[in-house]
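Start from chain A and add chains B, C, D, E, F, G and H with the ligands according to the hints.
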Amino acid sequence: QSLEKQFEEFRHQLEDSGSLRERIRSVALEIESATRLMHSSLLLIHQSRPVPEVLETAKRQIGLMRELFSRLAEITRECPGQYYRYHGDWKSETQTVVSLLAFMHWLETGSLLLHTEAEEKLGLNPDEFGLDIEDYLIGICFMSNDLPRYVVNQVTAGDYDCPRKVLKFLTDLHAAFRMLNLRNDFLRKKFDGMKYDLRRVEEVYYDVKIRGLAANGEKTGEQNDQAQS
Amino acid sequence: QSLEKQFEEFRHQLEDSGSLRERIRSVALEIESATRLMHSSLLLIHQSRPVPEVLETAKRQIGLMRELFSRLAEITRECPGQYYRYHGDWKSETQTVVSLLAFMHWLETGSLLLHTEAEEKLGLNPDEFGLDIEDYLIGICFMSNDLPRYVVNQVTAGDYDCPRKVLKFLTDLHAAFRMLNLRNDFLRKKFDGMKYDLRRVEEVYYDVKIRGLAANGEKTGEQNDQAQS
Amino acid sequence: QSLEKQFEEFRHQLEDSGSLRERIRSVALEIESATRLMHSSLLLIHQSRPVPEVLETAKRQIGLMRELFSRLAEITRECPGQYYRYHGDWKSETQTVVSLLAFMHWLETGSLLLHTEAEEKLGLNPDEFGLDIEDYLIGICFMSNDLPRYVVNQVTAGDYDCPRKVLKFLTDLHAAFRMLNLRNDFLRKKFDGMKYDLRRVEEVYYDVKIRGLAANGEKTGEQNDQAQS
Amino acid sequence: QSLEKQFEEFRHQLEDSGSLRERIRSVALEIESATRLMHSSLLLIHQSRPVPEVLETAKRQIGLMRELFSRLAEITRECPGQYYRYHGDWKSETQTVVSLLAFMHWLETGSLLLHTEAEEKLGLNPDEFGLDIEDYLIGICFMSNDLPRYVVNQVTAGDYDCPRKVLKFLTDLHAAFRMLNLRNDFLRKKFDGMKYDLRRVEEVYYDVKIRGLAANGEKTGEQNDQAQS
Amino acid sequence: QSLEKQFEEFRHQLEDSGSLRERIRSVALEIESATRLMHSSLLLIHQSRPVPEVLETAKRQIGLMRELFSRLAEITRECPGQYYRYHGDWKSETQTVVSLLAFMHWLETGSLLLHTEAEEKLGLNPDEFGLDIEDYLIGICFMSNDLPRYVVNQVTAGDYDCPRKVLKFLTDLHAAFRMLNLRNDFLRKKFDGMKYDLRRVEEVYYDVKIRGLAANGEKTGEQNDQAQS
Amino acid sequence: QSLEKQFEEFRHQLEDSGSLRERIRSVALEIESATRLMHSSLLLIHQSRPVPEVLETAKRQIGLMRELFSRLAEITRECPGQYYRYHGDWKSETQTVVSLLAFMHWLETGSLLLHTEAEEKLGLNPDEFGLDIEDYLIGICFMSNDLPRYVVNQVTAGDYDCPRKVLKFLTDLHAAFRMLNLRNDFLRKKFDGMKYDLRRVEEVYYDVKIRGLAANGEKTGEQNDQAQS
Amino acid sequence: TDATASAADSDSNPMKDAFSKYAAYLNDLNEKRERVVKASRDVTMNSKKVIFQVHRISKNNKEEVLEKAEKDLAAVVDQYISRLVKELQGTDFWKLRRAYSPGVQEYVEAATLCNFCKTGALLNLDQINASLRPLSDPSVEPLQINVLDYLLGLADLTGELMRLAIGRISDGELEFAQKICSFVREIHRELMLIAPKMDDASDMKTKMDVMLQSVMKIENACFSVHVRGSEYIPFLGSEDTNFSLLGVPEIE
Amino acid sequence: TDATASAADSDSNPMKDAFSKYAAYLNDLNEKRERVVKASRDVTMNSKKVIFQVHRISKNNKEEVLEKAEKDLAAVVDQYISRLVKELQGTDFWKLRRAYSPGVQEYVEAATLCNFCKTGALLNLDQINASLRPLSDPSVEPLQINVLDYLLGLADLTGELMRLAIGRISDGELEFAQKICSFVREIHRELMLIAPKMDDASDMKTKMDVMLQSVMKIENACFSVHVRGSEYIPFLGSEDTNFSLLGVPEIE
Ligand SMILES: [Mn+2]
Ligand SMILES: [Mn+2]
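Protein chains in written order, with our numbering: chain A, 1 to 229; chain B, 1 to 229; chain C, 1 to 229; chain D, 1 to 229; chain E, 1 to 229; chain F, 1 to 229; chain G, 1 to 252; chain H, 1 to 252.
Next up, chain A with everything else stripped away, as it sits in the complex (with noise of 0.2 Å):
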């Protein structure tokens, strides 16, 4: 009887768990599919279209995102203190989210997203739905791994002055990563894969410079560090 009254109470907990994470869930799938959208404009990027042209595309999704991140908020806010039990569920998505707003910050003004700019963008309230710190560490990295083509590309297209400033960014980047105590665990593997970004900028480089092509460059590059036009 009690045994019974017991998995009668479970039930309702579980279902109602179970249609938790179905919403959360299909919030989850429209996030993906904003970010393809995204993601599918800032491509452009490395057919060397005008810089401000692509950006202006890409954020047209940014609306939405908010939008999808308040409604996550929202469903969290129904089982307080269970964050971490749902967050499997939207993490991965979160973390490309990322990575696209940073590139695109860095394409503007050639400095790093910061965690609560990222925050910001997103529209979210950290002491409610915040942005889980790996989450936001990991879409760094992927950010990262998108530079390297996106020199040669820009190398090709004849931007010589590019390499330059992806390596100082990349190196600072890189620098500051190397300061954090990592598990071995996915970030860190990440992280471990940013070498070869850093690594292949470094090759880009030294191809421009040997050839004399990024010396001039150097001078005006300069002036531009502040944002690419």
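Since the hints were derived computationally from the structure, they do not count as laboratory data.
Built from N, CA and C at the ideal position, the CB exists for glycine as well.
One or more of the hints may lead you astray.
To be verified - Quick list of in silico lysine-lysine cross-link-like pairs, DSS-like style, CA-CA up to 30 Å: (1) A/Lys189 with H/Lys207; (2) A/Lys189 with H/Lys217; (3) E/Lys59 with H/Lys16; (4) G/Lys16 with H/Lys49; (5) G/Lys95 with H/Lys95; (6) G/Lys32 with H/Lys32; (7) E/Lys168 with G/Lys49; (8) C/Lys195 with E/Lys5; (9) E/Lys5 with D/Lys59; (10) C/Lys190 with E/Lys5; (11) G/Lys217 with B/Lys189; (12) D/Lys209 with H/Lys217; (13) G/Lys48 with B/Lys91; (14) H/Lys71 with E/Lys5; (15) A/Lys59 with B/Lys91; (16) H/Lys217 with G/Lys49; (17) E/Lys190 with B/Lys195; (18) G/Lys95 with E/Lys189; (19) G/Lys59 with G/Lys32; (20) H/Lys95 with H/Lys207; (21) G/Lys48 with G/Lys68; (22) G/Lys71 with H/Lys21; (23) G/Lys32 with G/Lys21; (24) B/Lys189 with G/Lys205; (25) F/Lys5 with G/Lys48; (26) E/Lys5 with H/Lys217; (27) G/Lys217 with E/Lys190; (28) G/Lys217 with F/Lys5; (29) H/Lys71 with G/Lys32; (30) D/Lys189 with F/Lys5.
Claimed, not checked - Which chain B residues stay away from chain C? Per the calculated CB distances, all over 10 Å, these: (31) Glu4; (32) Gly18; (33) Gly88.
Same frame as chain A, but now just chains B, C, D, E, F, G and H with the ligands:
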């Protein structure tokens, strides 16, 4: 600068959460070790040692177990709202503890150890550090896996009423589980296995019954259904 | 241009087939859920509840089941000639339904639910959306897997004529299956398992017979061979 | 009796479908063998043999290929509406054929072999036995996997304009694929791999460009974009 | 050139051995099919059909079997010394044949079909195409697996002397097998299974004995030890 | 009794070895951490910081490192003859240490750090706790992996003589490694990688040479071959 | 130039000299490992033969069978383990453990199986090691089987004991079977406490699962004999209780 | 009774006699298999040494290195393959194939590698087999390496050739590298046609994938040298085209 400052902060946070996890892992290891001792004592039940004696030895670990779980609770108190972030580090150990406690409880009372009773035995305060329902249910499935072996050995030792009692208990338990709407996960898999336990106990009961061995036991058994002694 | 046009068209087609599959999956989930309820009711047969009562409860799902299958048929009508493209999405559920219906039919009539009878029960129109023969056969094998358990529990409950009846049915069924020339696939594997069911029922019949328990039953049994009540 | 009759009928049907499948498998094996010869001829392209010569040898298999596919169509005509029942038996072979035909077509025309063109080359009548779209798309992904190797060997052989042309083609192809909303299946996995092909070709183009080797080629290249000869 | 020529030759050799294998597979399939028929006939023994009648039907396949094995021998004659190259293609079928022949032989004579006798029955010439000893031994283990079922069904049908005879045979056979030193391979696993067959037969013998059912049978049984009729 | 006593003893031994291992792991973690700091300092060499400055910072860890290794030696002294039992727990860390020391040594002297020299630097007494030769060799391969990056960055920074020196060193090292007969193990895989390092350095040397950048450097370089400063 | 002096083909090159030493070391090590692997395979094969010999035991030939098994076991030590010991003379036993461990484990399995059948008790690691000591040249450290290999061998022993128990029940030696059952249960219980502390705990975990299966197979067999034997005791009275231990001889 | 006559301990039991024969057969087979496995391991180890010897090749020591490699290879045949042949004397080669196949494959790898370096051509299976024929006792059928083991060895050869090619490019032997590239491409193309027809096609499929990786590694290396070498040809003019084949000697 600001990039460096941000990573400085990350380092602190990651180190804090890393050391927290280390402390949790170390308590979990102690739980595992105490569980193993309890399990080892309990195994003597298969060698037809008297139930009270076996239970007494097994129960000696409970004090330590309570202390260890209170240490877990204390540690997670430092990171409110993150129970499920570290849950993976103690769940498997907890499931085993539940299975042993439930088996002992059944030996004593002939009834199922309820979720709240399990929390009580472990000295848990559900508002603060409760027993996850799925962990409880998985632990119950583990207990079910041990019952066929117990029945077989009891009959060999001459207790011909045991199969009937276990069968009744397992049938009710199985029916209760069927009420739950389980996802295709580990719990579902464990529950699916329970039907083989049920089947095996049915077979043993059949073996006893068809040989007329259960006949008398059935009557006297009724009286002792509450507890085996 | 023409490349783009082609891919535009592909996108439409893939989206159409994707949403079709989603609708099919959702009906299949409902079938699974109805099956679960039917199965739950039917399980009480192992606890020696009266057959008519058990059957009545189980049959309550049949109306819903018919409706769900007619919805499946309706959906596949949108993609003529592609029954087998989506077949994988409902076959496992269908096999279980068949196994339950066949068991119920046997309890009622003592004979095998034929393929056409199964289609009728599910309200299927074979010209349009039939029951795949292999699905039917696999369902029958599943039913066979439940018979030894039924026999064991019936004998425990004192029905000593049951083994004889089941053995006769299963022997005929096994002989019929042996006529088929099966490939080395899932069906073959399931059929190979049937011989263990047969063997187990023979063993129970032996147990009953050698103890002289079957003697009288055999005569009175003849009369009731048509249906168990 | 009626049980026996039913199984008699099943035996016929299973034997029919078994022998049909056997015939399909045997044609599929012949397709595989012809594909292998075509592939082997085509591999000579990496050793800088003249394109026309290579194409000519490879094309020798096309007649046989058409015949084999017409035999497939003929066989499936015997079981209308069951194309997808047996689809698994020829799809992998078909995908490889498509990849080779598309590569040959690109070598000849510099443009993508369209789905309808692929059907034409294979002599397929889409109303009766068409080329499944996913098979077509997977075949195109396979072709993409071969392009980096081709580009590398062409440059080694002194054709410095090749990377530019392949890059343009692959960029367009990749963009077209991105329009599709793929499920998490084999095709998606293959498409995800395409970005590595693109990246590798970009790198080769970069290597050529930064050394000034592509400079002149670019102008003369424009004229020959239609076909390599 | 010489390289090409060598590979050309290899291709011929591999194709020859491929087609040889295909012919072997096809004969093996026919053996499997004849075995299936023989097995089907033999299964009637479990339904208490008279031994001579059962044996007669089963033996009808022997002629065909001999012919099929002589075809196998003929095929392997084309590749002298390569018996074991293709052995994997017929060994499983041969093991089943041996198990059936040995069972039939035991039904007729009450003694074990020896290796040389098995070769004779199959019309094999050991100098040219013999019966692999491990195949023979595995076949014998398979036969042993069927004996408990036979004993159970015989007793059910009222033949109370059967357990004694089978027990004596199986005890001797088990003792003989224990002379072998086996590796941890398939044969050892099968031999381990024989222990369980022996135990089951013993149990049935005990059941019969303890009820005084075997008493009379034992005397009359002695006369018929050579053959069951 | 005696059985229990023996297992009691085993438990003690295993617990002792477990706690020993824990102490070793903890020292190994500290080695890893010190190595990380050393590596971090050394990485500045890629940003063209002056060699002496870089070396000085990196060397600050050596004292600690020696102490940690002497602690390892001390611990293993408790279990004489079991160096290789626990070897897996420090080998990967040791390989990295060797690679850093060898790189530093090369920067200072232009020559290879020999096995005995490495032992000296770490304060190891080979009779008691030596440096496993395979660990040493793998460490050397790791060092080789860093040289191409170093050369590229040096050239970028204007040191055109660096490629020549590294190339000579690496050529000799590679020749020395070729004297070894390796199994198909980790060391062989690492050694295979060295070939690519050599090729990359050669390419850079070629780039420098062909542009006449190395011409002057070669002369002045001769003087500094012993050490870079 | 000094560049030439340090070239690969110069004779006084310290790097080259050092690598000659490394090369010699690696060659010796590989060759020794090969020899040890071969010796270990021989130990395995011949220990397996001893195990099969023990399985030839029956109610009436116990002494005879065990005597032969012990003789064979002694031969394994004299002929094969001694070769292993010779190969390992003065080497680090732990470094080459993976090369000889399978053989040693199988030997432990055989030796403990023999001993259990003869004495009903577990052969201690100390006893085994004492018997190996004479094989070594007294000047070097003798090969001693380590706890891990001993325990891994013991884990496999339970599988052989299960086979033995099933056979003994068939032979009517129910008491022997029950003795095996208790013994295996005890080993299982003890190993359960130790398993996670072993160096290669995951290997051991699999073996523990198999072991539990073996224990349960014996228990099920004992159960089966018991219920069958209990059935007619009410009818037959208590004077014939041994009747349940039916064995082959009863047939004749 | 005749039941007693057929009991397990009677001497004239035909079943017992037959099983003695089966037991002897199985024992012999297992022992032979063990000996073959051991011989095969020796062949493997020593063939690997030959392969390493070949990798010691450089621009200037070619003859010397290959001469030693060939001597070592001959020693493998004389000392180890001959033992394998002796063990297999008169046995069914296919029955024990799995026991000796790894060694034979490694030997094929070593022999074809040596031969390619010396002659630039593929050593035929017939040539290898001819060289093995004298090892056999002329009265029995000689061990002949079968097509499958030869092809499996050849598949591994391409991995060694890849390593060789990378090394040769470093040494400035670009032409040699290109020769290797063509050779490996050709083997790959030929094997691609044959692979699915082999007895163990799935093994071969994995090897084919690795092989394609090897081919592409060589092609990428050749590409890299080529673009680098092409860069300044427009500037330098054609008189110095060999300059791209930079090797170690140029340093000094
Ligand atoms: Mn064993
Ligand atoms: Mn190799």
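Hint check: lysine 59 of chain E vs lysine 16 of chain H, CA-CA at most 30 Å. Holds or violated? holds (27 Å)
Verify the proposed pairing of lysine 95 of chain H with lysine 207 of chain H, using a straight-line Cα cut of 30 Å. holds (24 Å)
Does glycine 18 of chain B really sit off the interface, with its C-beta more than 10 Å from all C-beta atoms of chain C? Holds, since 42 Å exceeds 10 Å.
Hinted pair, alpha-carbon criterion (30 Å max): lysine 71 of chain H, lysine 32 of chain G. Please report holds or violated. Measuring from Cα to Cα gives roughly 23 Å; hence the hint holds.
Would the hint linking lysine 48 of chain G and lysine 91 of chain B be met if the CA-CA limit is 30 Å? Violated - the C-alpha atoms of lysine 91 of chain B and lysine 48 of chain G are around 42 Å apart, more than 30 Å.
Restraint check for lysine 5 of chain E with lysine 59 of chain D, where alpha carbons must lie at most 30 Å apart: Holds, at about 23 Å.
Check whether the Cα positions of lysine 95 of chain G and lysine 189 of chain E lie no farther apart than 30 Å. Judged against 30 Å, a Cα distance of about 34 Å means the pair is violated.
Restraint status (C-alpha distance of lysine 217 of chain G to lysine 190 of chain E at most 30 Å): holds (16 Å)
30 Å limit on alpha-carbon distance, applied to hinted pair lysine 59 of chain G and lysine 32 of chain G: violated (46 Å)
Taking 30 Å as the top limit, are the C-alpha atoms of lysine 168 of chain E and lysine 49 of chain G close enough? Between lysine 168 of chain E and lysine 49 of chain G the Cα gap is close to 27 Å, so the pair holds against 30 Å.
Holds or violated: lysine 189 of chain D to lysine 5 of chain F, with C-alpha atoms at most 30 Å apart: violated (58 Å)
Measure nothing beyond the straight line between the CA atoms of lysine 95 of chain G and lysine 95 of chain H; if it is 30 Å or shorter, mark the hint as holding. violated (35 Å)
In summary, the structure is inconsistent with hints 5, 8, 10, 13, 15, 16, 18, 19, 30 from the numbered list given earlier, while agreeing with the others.
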